[in-house]
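*Asks:* Dock chain B against chain A, hints included.
There are 2 protein chains.
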Amino acid sequence: MEFTNKAIGVDFGGTSIKFGVVLGKQIIAEAPPILPTDYPKPNDLIQAIADTCITLIAQHPEIKAIGCGVPGFVNTPTGLIHNLTNVPGWVDIPLRDLLSQKTGLPCIVENDANAMGVAEWKLGAGAGYQHLICLTLGTGVGGAIIVNDQLVRGAQFVAGELGQTSIHYNGRVGAYNNPGALEDYVGNNEFAADAQRAYFEAGIEKTLDACTPAALDAAATAGCEIAIACWDDFARKLACTLANCCWLLNPEAFVIGGGISKAGETLFQPLRKHVAAQLSAPFRDHLQIVPAKFSNEAGIIGCAVLALEATETEQLQS
Amino acid sequence: MEFTNKAIGVDFGGTSIKFGVVLGKQIIAEAPPILPTDYPKPNDLIQAIADTCITLIAQHPEIKAIGCGVPGFVNTPTGLIHNLTNVPGWVDIPLRDLLSQKTGLPCIVENDANAMGVAEWKLGAGAGYQHLICLTLGTGVGGAIIVNDQLVRGAQFVAGELGQTSIHYNGRVGAYNNPGALEDYVGNNEFAADAQRAYFEAGIEKTLDACTPAALDAAATAGCEIAIACWDDFARKLACTLANCCWLLNPEAFVIGGGISKAGETLFQPLRKHVAAQLSAPFRDHLQIVPAKFSNEAGIIGCAVLALEATETEQLQS
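In order, the protein sequences belong to chains A and B.
Everything in the first sequence is counted per the numbering used here, starting at 1 for the first residue and increasing by one.
Everything in the second sequence is counted per the numbering used here, starting at 319 for the first residue and increasing by one.
Calculated from the structure, these hints are not laboratory results.
Hints are not guaranteed to be accurate.
[What the hints assert, rightly or not] If you want a taste of the chain A side facing chain B, the calculated C-beta under 8 Å gives, among others:
| hint | residue |
| --- | --- |
| 1 | N148 |
| 2 | D149 |
| 3 | A159 |
| 4 | L162 |
| 5 | H168 |
| 6 | F200 |
| 7 | A243 |
| 8 | F268 |
| 9 | Q269 |
| 10 | R272 |
[Unchecked claim] Stretch by stretch, here's where chain A covers chain B in the computed footprint (C-beta under 8 Å, at least three residues):
| hint | segment |
| --- | --- |
| 11 | 323–335 |
| 12 | 429–436 |
| 13 | 494–508 |
| 14 | 525–534 |
| 15 | 617–631 |
Quick reminder that beta carbons are idealized off the backbone N, C-alpha and C, glycines included.
The shape of chain A in the complex, shown without the other chains (with noise of 0.2 Å):
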């Protein structure tokens, strides 16, 4: 992929809205100002997210398009956002032709799970693959499915939501009443809640703080059994969803991104193995499982390359 034309990504987060000036795989203008999103009106919000796109353009004339990562549901045909999940009054709000008209730029506005997916997918750890899935583990666990050389956003753009999918037909109740949600497995909070009562069977009182995934890892490194076991169970957790993805969907690779993957071998070690261990050979055989390359800046970069791509493929209304 040549990338000649910048473009501006914006990460829309639950609390901060986060820009970036893109070329290559690169982010080239770091630091531009993070707006946080308690504007009182939605509308206020967005010219100042303007504003900002306004000024990067000015400072970068070769700036040709802009994306627009959001968490929660979007009509990426349309533009059209339909919610945001932590961030009220976001109803049916036409953000692609509002940044558009205030900006003079061809927009897109894509969910942000995708996002960091397609950051991965194009320039990243998943790169070369045309059958790919991609998970973020955090809070909660975000998703992104690439098939056949194409993301796969669904029937109303909500595809990829790997966290809602459940590992229990009888288990723990999810946000949407869906029982045995990945996500209240493998979130952050739940993985540390089931550790500290796992120390706790074992006759030891920590703190929940005690229990981040950093703690843990660091435990299990320095041979902590109770630890090994707790990275052990939340691989086997995780390990059904992505067999069950295998099963599905047949994928040549997972990467693997989010705050929890930093564990790095402590997490893919145990992972490997359980996924491999409830598949057959012809799923299991050419599997790849890998860290993700892009951190925090991933939906930036992926945000930019799906305006930039928009861009030249004359798909944009602008």
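*Replies:* Only chain B this time, still in chain A's reference frame:
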């Protein structure tokens, strides 16, 4: 879709091989010979398949292609059968090329569950959908997945194995050491055994033969609360996998066939209820869960459609 040419569809089952001559949506020669699969050598069976095709071609000169659906692991682009689940000796057999050489017609080879799904997608209850999942409920659970208006075969052409996906990360251990495999809960035999147990716990002794899907459908329709509860439990478990497919792929519809689906609303009513109960609105509101149009003939029709399409797009070697 216009059909002017005919094709032979070959449905290669575990114990017998059925043939049909297909024009458009219909099998026009319904009762050609049925071959057993227990020939001493694969080559003898392949010759018998070819001879049957040659006889049909002599009767129907408009036949332009042959499609063969097989129960196992097949590389569709190369036409090589890696192995068949219940037919010994079929390892690494280039069935497509052998049949093509022997009959003089272009051939395709496809996984049988994919072929059944294609019949529903192109001509049946799934016609018009771009994001579709087809299931067959019987002794096992087969599936086919359509995303972005394309059949999903995956990296090694083994995608769509809905029956092997897990509904319980620590559940019943499946054929591939996979815990909680759906078909170990909703396969014909498991459904009967679970129903027998439910009756027994209520003080009623039944043979397994009295717990077939047809018997349980009749009992539920007559108002038997135990049978109704069995169907509700069945639907709840199947709903777990359907909901997982929704979160991952956001399909427009599920098309469900196979013996158990003949229970009709006895199955579909609780199934729709359980699926809807564990999905958020964007996933749920437009989702269709419908019975398959085709029955035993789905494999024959799907193979014939794939063969004709491949001929028309000149993707075949001949």
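*Asks:* Look at each hint and say if it fits the structure.
*Replies:* Hints, one by one, checked against the model:
1. N148: 5 Å, holds
2. D149: 10 Å, violated
3. A159: With Cβ-Cβ at 4 Å, under 8 Å, it holds.
4. L162: 7 Å, holds
5. H168: 5 Å, holds
6. F200: Violated, about 21 Å.
7. A243: Since chain B brings a Cβ to about 6 Å from A243 of chain A, closer than 8 Å, the hint holds.
8. F268: 18 Å, violated
9. Q269: 19 Å, violated
10. R272: With Cβ-Cβ at 15 Å, over 8 Å, it is violated.
11. 323–335: Not satisfied, violated; 0 residues make the cut.
12. 429–436: violated (count 0)
13. 494–508: holds (count 5)
14. 525–534: violated (count 0)
15. 617–631: violated (count 0)
This entry does not satisfy hints 2, 6, 8, 9, 10, 11, 12, 14 and 15, going by the numbered hints stated previously.
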